[in-house]
Amino acid sequence: MPAAHYLILSFILFLIGTAGVLLRRNALIVLMGIELQINGGNLALLAFARQLNDQKGHVFAFLIIALAAAEAAVGLAILVGLFRSRQTINLDEATLMKR
Amino acid sequence: MNFNLGLIPLLPFLGATVLMLFGRKWARDTVFVIAALAIGAACMVSMYAFFAALPDAGPGGLQDIVTTWIATGDLHIDLAFRMDALSGVMCLVITFIGFLIHVFSAGYMADEPDYARFFAYLNLFCGAMLVLVLGDNLPVLFIGWEGVGLCSYLLIGFWYSTTANADAGKKAFITNRIGDLGFLIGMFLLFYYTGSLSVPDITTAASPGGPLMHTLWLGQPVAFWVAVFLFIGATGKSAQIPLYVWLPDAMAGPTPVSALIHAATMVTAGVYMIARMHAVYVLVPSAMAIVAVIGAATALFAAVIGFAQNDFKKVLAYSTVSQLGFMFAGVGTANFDGGVFHLVTHAFFKAGLFLCAGSVMHAMSGSGDIRIMGGLRKRLPWTHGVFFVCWLAICGIPVFSGFFSKDSIIAGAFATDIFKEADLAWVGKLVGVMLMLAALGTAFYMSRLYFLVFSGDETRADEKTKHHIHESPAIMVVPLVVLAAGATLIGFIGLPGDLVHHPEYNLLAHELEPVLGHELEVPHNIEAIFMVVSTLVAGLGIALAMVFYRGGYKEPARAFAAKFPGFVRLVQDKFRIDEVYDLVLIRPIRAFSRGLFAFVDRIIIDKILVEGTGVIVDVFSRLARTVQGGDGQRYMAVFAVGVALLVHFASQPTLPFTKLKVTQTGRAVEIDARRGTRAPTRALEYAFDFGDGRPVVKGASPEQRHDYDRPGSYTIHVTISDPRWGTEDGFKEKVEVR
Amino acid sequence: MNPANAATAAAGYSAPLGQQVLFYVLAAWVAGFALFTITRRNPVTAVMSLVATFFGLAGIYASLDAHFLAVLQVLVYAGAIMVLFIFVVMILNREEVAPLALRPMRLLGVAAAIYLLAVFANVVGVGAPTLDAPPVVADTYGTVESIGGLLFREFLYPFEAISLLLLVAIVGGIVVSRSHQKEVAATRAADYRKKVEQLAASDYPRTQGDEPAAAGGHH
Chain W
1 MPAAHYLILS FILFLIGTAG VLLRRNALIV LMGIELQING GNLALLAFAR QLNDQKGHVF
61 AFLIIALAAA EAAVGLAILV GLFRSRQTIN LDEATLMKR
Chain Y
1 MNFNLGLIPL LPFLGATVLM LFGRKWARDT VFVIAALAIG AACMVSMYAF FAALPDAGPG
61 GLQDIVTTWI ATGDLHIDLA FRMDALSGVM CLVITFIGFL IHVFSAGYMA DEPDYARFFA
121 YLNLFCGAML VLVLGDNLPV LFIGWEGVGL CSYLLIGFWY STTANADAGK KAFITNRIGD
181 LGFLIGMFLL FYYTGSLSVP DITTAASPGG PLMHTLWLGQ PVAFWVAVFL FIGATGKSAQ
241 IPLYVWLPDA MAGPTPVSAL IHAATMVTAG VYMIARMHAV YVLVPSAMAI VAVIGAATAL
301 FAAVIGFAQN DFKKVLAYST VSQLGFMFAG VGTANFDGGV FHLVTHAFFK AGLFLCAGSV
361 MHAMSGSGDI RIMGGLRKRL PWTHGVFFVC WLAICGIPVF SGFFSKDSII AGAFATDIFK
421 EADLAWVGKL VGVMLMLAAL GTAFYMSRLY FLVFSGDETR ADEKTKHHIH ESPAIMVVPL
481 VVLAAGATLI GFIGLPGDLV HHPEYNLLAH ELEPVLGHEL EVPHNIEAIF MVVSTLVAGL
541 GIALAMVFYR GGYKEPARAF AAKFPGFVRL VQDKFRIDEV YDLVLIRPIR AFSRGLFAFV
601 DRIIIDKILV EGTGVIVDVF SRLARTVQGG DGQRYMAVFA VGVALLVHFA SQPTLPFTKL
661 KVTQTGRAVE IDARRGTRAP TRALEYAFDF GDGRPVVKGA SPEQRHDYDR PGSYTIHVTI
721 SDPRWGTEDG FKEKVEVR
Chain X
1 MNPANAATAA AGYSAPLGQQ VLFYVLAAWV AGFALFTITR RNPVTAVMSL VATFFGLAGI
61 YASLDAHFLA VLQVLVYAGA IMVLFIFVVM ILNREEVAPL ALRPMRLLGV AAAIYLLAVF
121 ANVVGVGAPT LDAPPVVADT YGTVESIGGL LFREFLYPFE AISLLLLVAI VGGIVVSRSH
181 QKEVAATRAA DYRKKVEQLA ASDYPRTQGD EPAAAGGHH
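Keeping their order, the protein sequence lines are chains W, Y and X.
Numbering follows this note's numbering, in which position 68 of the first sequence is assigned residue number 68; successive positions increment by one, without gaps.
Numbering follows this note's numbering, in which position 338 of the second sequence is assigned residue number 338; successive positions increment by one, without gaps.
Numbering follows this note's numbering, in which position 210 of the third sequence is assigned residue number 210; successive positions increment by one, without gaps.
In case anyone wonders, no lab produced these hints; they're calculated from the structure.
Treat the hints loosely; a few may be bogus.
Mimicking SDA-like on lysine to any residue, the simulated pairs with C-alpha atoms at most 25 Å apart in a straight line are [to be verified]:
hint : chain 1 : residue 1 : chain 2 : residue 2
1    : W       : Lys56     : X       : Glu160
2    : W       : Lys56     : X       : Ser63
3    : Y       : Lys314    : Y       : Ala528
4    : Y       : Lys314    : Y       : Lys429
5    : W       : Lys56     : X       : Lys182
6    : W       : Lys56     : X       : Phe55
7    : W       : Lys56     : X       : Leu75
8    : W       : Lys56     : X       : Ala62
9    : X       : Lys182    : W       : Gln87
10   : Y       : Lys429    : Y       : Ala528
11   : Y       : Lys732    : Y       : Asp672
12   : W       : Lys56     : X       : Pro99
13   : W       : Lys56     : X       : Ser163
14   : W       : Lys56     : X       : Glu145
15   : W       : Lys56     : X       : Arg153
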C-alpha cells in the first residue's frame, strides 16, 4: 500500500489520542490518550521507513517504545502519588496552580 | 620666560599631603618642621623668582605651563602659572607672612591635640592661595579661589565639636559660594565674548572697540556685566557689602587662622582679582564706580560697627572688612597701585594685630572680652610693643606704613579722572569723603581697642585670670616683632616719590607699572593737602578715643551709653543685618525646601513614582494572570488551535490584503502578482485569465504581459496556487482599454 | 481536496486487492477500538480496548514488513505497559459522574486538530513519494537480526542511553510513588525521643516526689 494511507491512519490515531487528552477528566484515560498519540507517531515512522526502504525508522520506533514505557511508568507513579494526597484522579480538581 | 613656578604651590601641597597622611603618628616638632619647611621653601623660591629671575624675564614675566588641562572644541585651558610683578608681590606676601604665622602657631597651638591636622590645613591653604595668585587663566585662579574657600571652611570649623564653630565654617563657605556664582557667570561671559579664559588674551581683547564693548543688557556693554559679576564674586571672598557677614563669625577659628586667612591673604583675593582684570574694569567706569562706592560704604559701615564690639577679635574682624573696603575703593578709582599697596601694608599690620590678639588671649586664659582687660601694657611688654606699632600703622600716623598706603587711596579717590568720561566725577569726591570718615572711624575704634586693653593700671578681670597673665614664649614673640618691623618699614616701598620729583622712589608703583599701567596721577597740591588732613583726622580719632577710654571706661563713654542705649545696642548687634538676612532669605528658603520635600519627595517620588510603579505592575500582572488557568488540557487545546492557525496562514500563497499591480500602456497590460517587490520564496503556479476569451495563461512566473485586440472593459482573473499545500488564492481586477 | 491533487492521486499506484482489504480492516479495527478507548466511562474497559488497539496496530506493523516491531509492540506495549495500567486501575478504581469535559476551548482544540487532519490528508495525497508503490525490500528487512545489527553497531549509544533512561524511570517511579507513612511515623518517633532526652538533661522544674533518675531510666 502506498504510504499515504498509513500516514493518514497515523494522523487519525493521533487525532483520537488528542481528543482523549483534551476531553476526559479521568487522569488514567488521559494517559491512555497520550499512548495513542505516541503510537500514531510510531506508525508514521514505520510507514516512511517502508516507503524509503530504510531500517533506521525501525530503530527509532524501537527507542520510542522504550521511551513510552518509561514515560508511562513515571506518569502512573505520579498519578498514584496524586491519588494518595488528593484521594481523586479527577483532573478538574487538580487546581493547586490556579489562582 | 620659563621658570618652574609650579614648585611654589607644590611645596605646601606636598607638605599638606604628607602631614594629612602621616602627621598624626609623628612628633610635634617633626610636624612643625615639615610644615614650616614647605612654606619656607616656597618663600625661598618666590624670592628667587621675583628678585633674580623676574628682572631678566620679558614683558610677560615668568611662565610655567605644567600641562594641558582641558582641550575640547573652542575651549583650551592649560594648567599655567605666570609670575609678573603683581603676582610676584602677592607670592612674597603670602609665603613670608605665611611662614611667620606657621612659626607663631607652633607656640600658640602647642597644647592642641589635632596639631598635625592644623598644620596640614595651613599648608593646604597656602598652596591654594599661591595657585590663585599665580594662575595665568581664570579657571586656574578659580581653583585657587575655591581651594582657599575650602581651607577657610576647614580652618574656621577646626574645633568642629563645638556646633557654633562648625556653623561659622558653614556660613563662610555658603556665603562664599553665593559670590562664586557671580564669578562663574563673569567667567562664562568672558569666554563667550572673547573665546578665551587666559588673562593675557582677555587683556588684549579688552580694548575700546573690542568684543567686550558689545552691548548686552540694559544698554550696558559686556565688559560692564563681566566687571559686575566678577565683583560679586569679590564681595563674597573679600567680605564686602552685602556678603561680608561671614567674616566676623569666622573669628571662631584659631587666631593664627584669622591672622593668615582673614587678614592677610584670602580676603585680599578679591582685590587681587580686580587688579588682574584691570583692563576690563578700565573699559567701564560705571562698573568701577559701583566697586568704589561699595568699597567705601563698606569701609564706613564696618568702622561704625567696630565702635561697639566687645570681643578683641571681632573688632579686628570688622576692621579687616573696613580696610578691605579701602582697598576696593582704591582699585575702584583706578588707583590699582594704591589698592595693592594697601593690601601689602595691611597684610603686615593686620597680621600683627591678630597675632597680638592671640598673644593677649593666650595670656587671658583664652578670653577675648576686652571689658575684662586693661593695664596689660606692663604685663605683656612685647605684645604691647608690637600692638603699639601696628596700631599707629593702621591709624595712618606718618612714617608707619599705613600712612602712605591709606593716603594714596584717599588722595587718589579725590584726584581720579576715570569717572570724568562717564559724567560720574562726583563719585570720586563722594568716595573720598566716605573714606575720610572711615579713616576717622578706624582711628577711633582701634584706639578704643588699644586703650581698653593695654592702658590703665588695673586689669578688670578676676583674680584667677589676672594671676595667669604672662608674656608669650619666644616662638610667638619673634614673628610678632618681625611683623611689627614690617608694619613700620614696608611703607617705604610706596613712597609718593613724585611729590619730591623723584617718581622712581615709588618702588612698588614702578614695579607694578608693566602690569597695572601708569600710576594714578595725583596733583601735588592735593597729595600734600591730604597727607596733612589724614594725619589730623587720625589724630582726632585717637584723641576722641583717649577722652572716652584712656585707662578704661571713662565718664564720657558711660554717659553716651546711658543716653543712647538703643543706638549702642544696635551698633553692637552689627545693625542686625544677620537677623535681616535670616528673615528675608534663610527662612523662606527653608520653608521652600520643606515644602519641596513634602511635595516632591514624599508625594511625587515616593508615592507616584515608586509606589505607583508597583501598583501598575500589580494591575497588569493581575490582568496577565487571567490567561493562565493552571489547566494543562486547556493549554494543549490552545496549542492545537495555534498550530492550526499557523498552518492555515502559512499555506496560503499570498498574504491577506495583497493587491495586484496592473500597469497599462496603450493596449498592453502588465500584471505583477508578486507580494512586495521580491521574488516569491516558494514555487507557486499562476493562472492569468484576461477576460477576452483567449485561453488562460498558466505558468510559474508572477509577471505577465498581454496585448488586447479590441478596446473595452475587461475583468482579469488571476489565480495563484501552491501545488504542495493544495491551496489557492484568486484576484479580480477590472481594466479599461482604449 | 484540490482538483489538481485528485488527478495526480488517481494516477497513482493501486495495491492488490488483498492488501487493500487487509489494510482497511485493520485500520477500522485500530480506529474503532481507539475511539472506544477514549469514550469509555469504566477505566477497565478503556484499558482493555486499548490492548485491542495495540493488537491491531501490531498487525499493521506486520503488514508494513516491520516484523520485529510488531512483536515488540505486543510484548512491550500490550504486554508490559498495559499490565502496568491495569495495576494502577485496580488501585485507583473510581467511576466518574460525567466522563467527557466538553468545554468550548477544548472542543475548539479538537476542531483545530480535525482541520489539521484535513490539511495533512491534502498534502499527503499529493506528494509523490507517499503515493508511489512501495519499493521491493530485501528478505532481511525488519527482521530481528538486521535491526539488532543496527542497534548494536551504529545506534549503540542511543541504545545504552535508553537503558539508562529506563533505570532512571524505575528509580523515579519508586521515589515518586512510595508511601510516606512509615517515614512520617519514624520522624515523629525520633522527635519525641529527642524531646524526652532534652527534658531529662535540663533543670526542668519537677513536682515533689519525682526523681530525675526515674525519668532517665525509662528508655
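A quick look at each hint next to the structure:
1. A distance of roughly 17 Å separates the Cα atoms of W:Lys56 and X:Glu160; the hinted pair therefore holds under the 25 Å criterion.
2. Restraint check for W:Lys56 and X:Ser63: the C-alpha separation of about 18 Å stays at or below 25 Å, so the hint holds.
3. Of the pairs offered as hints, the one joining Y:Lys314 and Y:Ala528 is violated, with about 34 Å between alpha carbons and a cut-off of 25 Å exceeded.
4. As the CA atoms of Y:Lys314 and Y:Lys429 are separated by approximately 30 Å, the hinted pair breaks the 25 Å bound.
5. With a C-alpha separation of about 48 Å, the suggested pairing of W:Lys56 with X:Lys182 is violated against the 25 Å cut-off.
6. Using a Cα cut-off of 25 Å, the hinted pair W:Lys56 and X:Phe55 holds, with the two alpha carbons roughly 23 Å apart.
7. Between W:Lys56 and X:Leu75 the CA atoms are separated by roughly 21 Å; this keeps the pair inside 25 Å, and the hint holds.
8. Of the supplied pair hints, the one linking W:Lys56 and X:Ala62 holds, its CA atoms being roughly 17 Å apart against a limit of 25 Å.
9. The straight-line distance between the Cα atoms of X:Lys182 and W:Gln87 is roughly 19 Å, inside the 25 Å bound, and the hint therefore holds.
10. Distance restraint check for Y:Lys429 and Y:Ala528: the Cα-Cα separation of roughly 17 Å lies within the 25 Å cut-off, and the hinted pair is therefore satisfied.
11. The suggested pairing of Y:Lys732 with Y:Asp672 holds, with an alpha-carbon distance near 13 Å, which does not exceed 25 Å.
12. Distance hint between W:Lys56 and X:Pro99 is unfulfilled; the C-alpha atoms sit about 40 Å from each other, more than 25 Å.
13. Under the criterion of a C-alpha separation no larger than 25 Å, the hint pairing W:Lys56 with X:Ser163 is consistent with the structure, at around 19 Å.
14. Straight-line distance between C-alpha atoms of W:Lys56 and X:Glu145 comes to about 14 Å, which keeps the hinted pair within the 25 Å bound.
15. About 12 Å separates the Cα atoms of W:Lys56 and X:Arg153, which keeps this hinted pair within 25 Å; it holds.
Of the numbered hints listed earlier, those contradicted by the structure are 3, 4, 5, 12.
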